[in-house]
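As given, the protein sequences belong to chains C and E, one line each in that order.
Heads up: the first sequence is residues 121 to 285, going by the numbering used here.
Heads up: the second sequence is residues 989 to 1122, going by the numbering used here.
Check the hints yourself; a few may be wrong.
DSS-like, lysine-lysine: derived pairs with alpha carbons at most 25 Å apart [to be verified]: (1) C:Lys223 x C:Lys273; (2) E:Lys1024 x C:Lys208; (3) C:Lys168 x E:Lys1024; (4) E:Lys1105 x C:Lys208; (5) C:Lys196 x E:Lys1024; (6) E:Lys1041 x C:Lys196; (7) C:Lys233 x C:Lys251.
Just so you know, the hints here were simulated from the structure itself, not pulled from any lab data.
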Amino acid sequence: MKKALLILLSLYSTVILANNDLKPYHTNATETKNPELPKIPTQEIEDKKAILAVIDTYIKGLRTGRVDLLQKCFHKDAIMFGYSIQNKITEGSVQHLYDIIEKHGALAKVTSKNSVLNQTSNTASVLAELKTTAPHENSTDYLSLMKINGEWKIISKVYHLSYAN
Amino acid sequence: MQNTENVNSIADYDAILNVAQVYVDGLKIGDVEQLKQTFHPDGLMAGTMPDGKLTTKLQFLFDFTAENGPAPEVKSHISILHKAETAAVVLVELENLQGGVGSTDYLSMLLVDGEWKIISKAFNLYWVNMDKVC
Chain C
121 MKKALLILLS
131 LYSTVILANN
141 DLKPYHTNAT
151 ETKNPELPKI
161 PTQEIEDKKA
171 ILAVIDTYIK
181 GLRTGRVDLL
191 QKCFHKDAIM
201 FGYSIQNKIT
211 EGSVQHLYDI
221 IEKHGALAKV
231 TSKNSVLNQT
241 SNTASVLAEL
251 KTTAPHENST
261 DYLSLMKING
271 EWKIISKVYH
281 LSYAN
Chain E
989 MQNTENVNSI
999 ADYDAILNVA
1009 QVYVDGLKIG
1019 DVEQLKQTFH
1029 PDGLMAGTMP
1039 DGKLTTKLQF
1049 LFDFTAENGP
1059 APEVKSHISI
1069 LHKAETAAVV
1079 LVELENLQGG
1089 VGSTDYLSML
1099 LVDGEWKIIS
1109 KAFNLYWVNM
1119 DKVC
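Just chain C, same shape as in the assembly (with noise of 0.2 Å):
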């Protein structure tokens, strides 16, 4: 009885081993093949160019303090909204921003960092990471976009300000 155990156990690893003979880690890496890649549309690659670009000059009216670059990237009717470093709420239209660097003139030190966060054909979500607006100050740009008449310009702009260690 005990030896007819042992033959059954020892049939049973048989076939668990076969089992595993027949299932090698990998099967499936040689038989999927690469999916290709789906074509993104030319005129979003353009589009996308064009959006960082109007970010682009927007930083640099704020690093050289030419008012007139930034009223290029905006819209006329555009609004922004944010809180100083005193917490103090900046709210309404852009021209809070021009009389701003006008007042106190190029942000030299300015850097960022930006990503198109989503675009549409019309409209496009843009996050501007600044670093160094001020001495030890940092800002973070969420700035909405709208493409008239060909040309992408910023309608919104809402920013959170920190400092900067």
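Please build the complex by placing chain E on the supplied structure of chain C, with the hints as guidance.
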């Protein structure tokens, strides 16, 4: 590196998602007052209508909703694209608005007196048959 407080609290994420949901529900039931609650009074809505007309006025949203009523079949997906301590940007994808129109909305929000408010909405519409739209 020293651990500091996480400025992005879950309560804030939840509050932001809730504002976006109240906005979507406002469109769904066609409630102008409910929509008004979610926006800053000096906020803005920008986009192009199917007839090619450009709007940059928030009042247009309220007028449109008052005129066209609810969108009972609307479906939505809400994502927070990015968030800082007092500001955030939210993506709202909408399908089946009035006349089967779809929309991609970017909602920029600001934390005003402890409450998240939509400062700007930029939209892009999708439609198949122009005749059915408003």
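Verification of the hints:
For the proposed pair Lys223 of chain C and Lys273 of chain C, the alpha carbon gap of about 24 Å is at most 25 Å, so the pair holds. Between Lys1024 of chain E and Lys208 of chain C the CA atoms are separated by roughly 24 Å; this keeps the pair inside 25 Å, and the hint holds. For the hint linking Lys168 of chain C to Lys1024 of chain E, the alpha-carbon distance of about 33 Å lies beyond 25 Å, and the restraint is violated. Between Lys1105 of chain E and Lys208 of chain C the CA atoms are separated by roughly 17 Å; this keeps the pair inside 25 Å, and the hint holds.
At most 25 Å may separate the alpha-carbon atoms for a hinted pair to count; Lys196 of chain C and Lys1024 of chain E meet this at roughly 24 Å. Note on Lys1041 of chain E and Lys196 of chain C: the hinted pairing holds, with a Cα-Cα distance of about 16 Å set against a maximum of 25 Å. Between the alpha carbons of Lys233 of chain C and Lys251 of chain C the distance comes to roughly 9 Å, so the proposed pair stays at or under 25 Å and holds.
Going through the hint list in order, the structure does not satisfy hint 3, though it satisfies all others.
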